[in-house]
Amino acid sequence: MLLFVLMGIVLVGLGFIIGYAYDPQGGGAFIGIIVAVIIWIVMTLVAFSSGSAIMLSASNAKEVTPDVHPQLFNVVEEMSIAAGMRKMPKIYIIPTDAPNAFATGINPDNAIVTVTAGLLARMNRDELQGVIAHEMSHVVNRDIKFMTLAGVMLGTIVIISEIFLRSLFLGAGRSRGKGGQGQIIIMIVALVFAILAPIMARLLYFAISRKREYLADASAVRLTRYPEGLASALEKISGSTEEMPMANKVTAPMYICNPLKKKGMKMSDLTSTHPPISERIRILRSMAGGAGLANYQNAYNSVKGTNKNIIPAGELNQQENLGIREGMGLAASTDIKTTTRSSHDIIMKVNNYSFIDCNCGLKIKVPGDYASNVFYCPRCGYEHHIA
Amino acid sequence: MTALWIILGIVGVLIFMVIGMYNSLIKLRNQVKNAWAQIDVQLKRRHDLIPNLIETVKGYMVHERQTLESITNARANAMSANNMTDRVKAEGELSNLMGRLNIAVEAYPDLKANQNFLALQEELTSTENKISYARQSYNDQVLFYNNKKQIFPSNIIAGMFNFKDEVFFEIQDQAEKEVPKVSF
Numbered sequence: 001m002l003l004f005v006l007m008g009i010v011l012v013g014l015g016f017i018i019g020y021a022y023d024p025q026g027g028g029a030f031i032g033i034i035v036a037v038i039i040w041i042v043m044t045l046v047a048f049s050s051g052s053a054i055m056l057s058a059s060n061a062k063e064v065t066p067d068v069h070p071q072l073f074n075v076v077e078e079m080s081i082a083a084g085m086r087k088m089p090k091i092y093i094i095p096t097d098a099p100n101a102f103a104t105g106i107n108p109d110n111a112i113v114t115v116t117a118g119l120l121a122r123m124n125r126d127e128l129q130g131v132i133a134h135e136m137s138h139v140v141n142r143d144i145k146f147m148t149l150a151g152v153m154l155g156t157i158v159i160i161s162e163i164f165l166r167s168l169f170l171g172a173g174r175s176r177g178k179g180g181q182g183q184i185i186i187m188i189v190a191l192v193f194a195i196l197a198p199i200m201a202r203l204l205y206f207a208i209s210r211k212r213e214y215l216a217d218a219s220a221v222r223l224t225r226y227p228e229g230l231a232s233a234l235e236k237i238s239g240s241t242e243e244m245p246m247a248n249k250v251t252a253p254m255y256i257c258n259p260l261k262k263k264g265m266k267m268s269d270l271t272s273t274h275p276p277i278s279e280r281i282r283i284l285r286s287m288a289g290g291a292g293l294a295n296y297q298n299a300y301n302s303v304k305g306t307n308k309n310i311i312p313a314g315e316l317n318q319q320e321n322l323g324i325r326e327g328m329g330l331a332a333s334t335d336i337k338t339t340t341r342s343s344h345d346i347i348m349k350v351n352n353y354s355f356i357d358c359n360c361g362l363k364i365k366v367p368g369d370y371a372s373n374v375f376y377c378p379r380c381g382y383e384h385h386i387a
Numbered sequence: 001m002t003a004l005w006i007i008l009g010i011v012g013v014l015i016f017m018v019i020g021m022y023n024s025l026i027k028l029r030n031q032v033k034n035a036w037a038q039i040d041v042q043l044k045r046r047h048d049l050i051p052n053l054i055e056t057v058k059g060y061m062v063h064e065r066q067t068l069e070s071i072t073n074a075r076a077n078a079m080s081a082n083n084m085t086d087r088v089k090a091e092g093e094l095s096n097l098m099g100r101l102n103i104a105v106e107a108y109p110d111l112k113a114n115q116n117f118l119a120l121q122e123e124l125t126s127t128e129n130k131i132s133y134a135r136q137s138y139n140d141q142v143l144f145y146n147n148k149k150q151i152f153p154s155n156i157i158a159g160m161f162n163f164k165d166e167v168f169f170e171i172q173d174q175a176e177k178e179v180p181k182v183s184f
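Top line first, the protein sequences correspond to chains S and L.
The first sequence begins at 1 in this note's numbering and counts up by one.
The second sequence begins at 1 in this note's numbering and counts up by one.
Do not rely on the hints blindly, as some may be mistaken.
Stated by the list, open to error - In the DMTMM-like style, the derived pairs of lysine to aspartate or glutamate whose C-alpha atoms are separated by at most 20 Å in a straight line are: (1) S:LYS90 with S:GLU63; (2) L:LYS44 with L:ASP110; (3) L:LYS27 with S:ASP109; (4) S:LYS87 with L:ASP40; (5) L:LYS58 with L:GLU122; (6) S:LYS365 with S:ASP67.
If you are wondering where the hints come from, they were derived from the structure by calculation, not from laboratory data.
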């Protein structure tokens, strides 16, 4: 919250100094603030009304029905019961082999949880539950709303300083005449601030994002009572090398793991939306005492060797003593090739493909928009009719 | 004149605070009730799944006839129980028996390869999970409500309007205390 307020101060300060630079005598500073805030509000409204639609269509996501993947559906329902949500979120699936997941929806009643086919191919039930719990925690902790607000604020700051810097260079030829030495100094201050503000805002934004990730991990464990599930899921996700397509800096904070990681490139701590995965895993694995938020806080402190508060103090006051449950012991029974193939089948199912088993043993997948209702098996030539 | 306005202002603010605290207590109490209803929904779902399960495994699990019979009986008991104590006991019994069946399944590889059974198994696993998560969520809501009720200043409002403490869903049997481990 403090970081968010700081970001707001950067925005207001930017409006103030630019307005003041243009019109020190009149109410320039005041107008500058008003304009900055209005731009932020308008952009926020736009983001709130169309945010998830843009994100879902940008990532080519399709809605899943219970019959396509009963387990995914059940796990989401379990977690929405555990979180005490009034409505179960909708579930979407993205056709990519990179394992990842994200949640959208400004308020919990219209939340959407999205997973990739690669995630379904790799996770066992406990791990899937951990990932879903993390995403649901983003929803019930209102992180989506919060990160949208912060993200839009960052965008506003970038736009305002951009406009100011450009207009400054364009107007450089014209002399403003009236201004004395004082005006020049103010202009220089404004210039420096306009260059620094986006950088500061960015760092603040990343810091907020990382904090919310830790909190979502903590809440996820509180929901599942099983830290190992999420830990081992994160381990598997970090072990994969597939790149997540269609992810960018703006949508990155919504994912369970940073989708922008590149092989061989080490993200600097300050400019990442997510804390290092290895650290998140270590914290989860050192939660020995229980599955409560306070236990996560203790584990965090012992791993990081600091005393920072990652959980809001109000939440820590709740007296709770939550035991850790045992794993369900459902190991991923089959190898990754088989599970990847079955996850591709799921993608085809949500895209209206029909599946036909030929007598020769071949499984034929027919697209939903196949024009004719007769086709021949490519292996044995048997004539099939589609109902 | 000014003094009167100030007093009126203070009274107005106090009234709003009372209304706010009263409403949030009501809201929390409703969430407790809602969470309780959710447990009920999940227990009913388990009742609905059992006949189907028995039907599927009957042919395979010839040596488990007794367990299957007692599951059917426990289900009937749970469904006909008309007071809370009986019901909690019957549902606990049912959970134990289901656990025992899950272990027994290990001895029947044919059953574990049956597609129908696999689908049913996922439903059962999930239902057991949902029961325990519903219970967990109920206890969370009770905790929030009781905390709110006992903390100053809302404890005054709670006392004035006679809000009662809600009780946690405790499980008597130690074995039942663990989240049911369903692994076929």
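Each hint tested on the structure:
{"no.": "1", "hint": "S:LYS90 with S:GLU63", "in the structure": "holds (7 Å)"}
{"no.": "2", "hint": "L:LYS44 with L:ASP110", "in the structure": "violated (29 Å)"}
{"no.": "3", "hint": "L:LYS27 with S:ASP109", "in the structure": "holds (17 Å)"}
{"no.": "4", "hint": "S:LYS87 with L:ASP40", "in the structure": "holds (17 Å)"}
{"no.": "5", "hint": "L:LYS58 with L:GLU122", "in the structure": "holds (18 Å)"}
{"no.": "6", "hint": "S:LYS365 with S:ASP67", "in the structure": "holds (17 Å)"}
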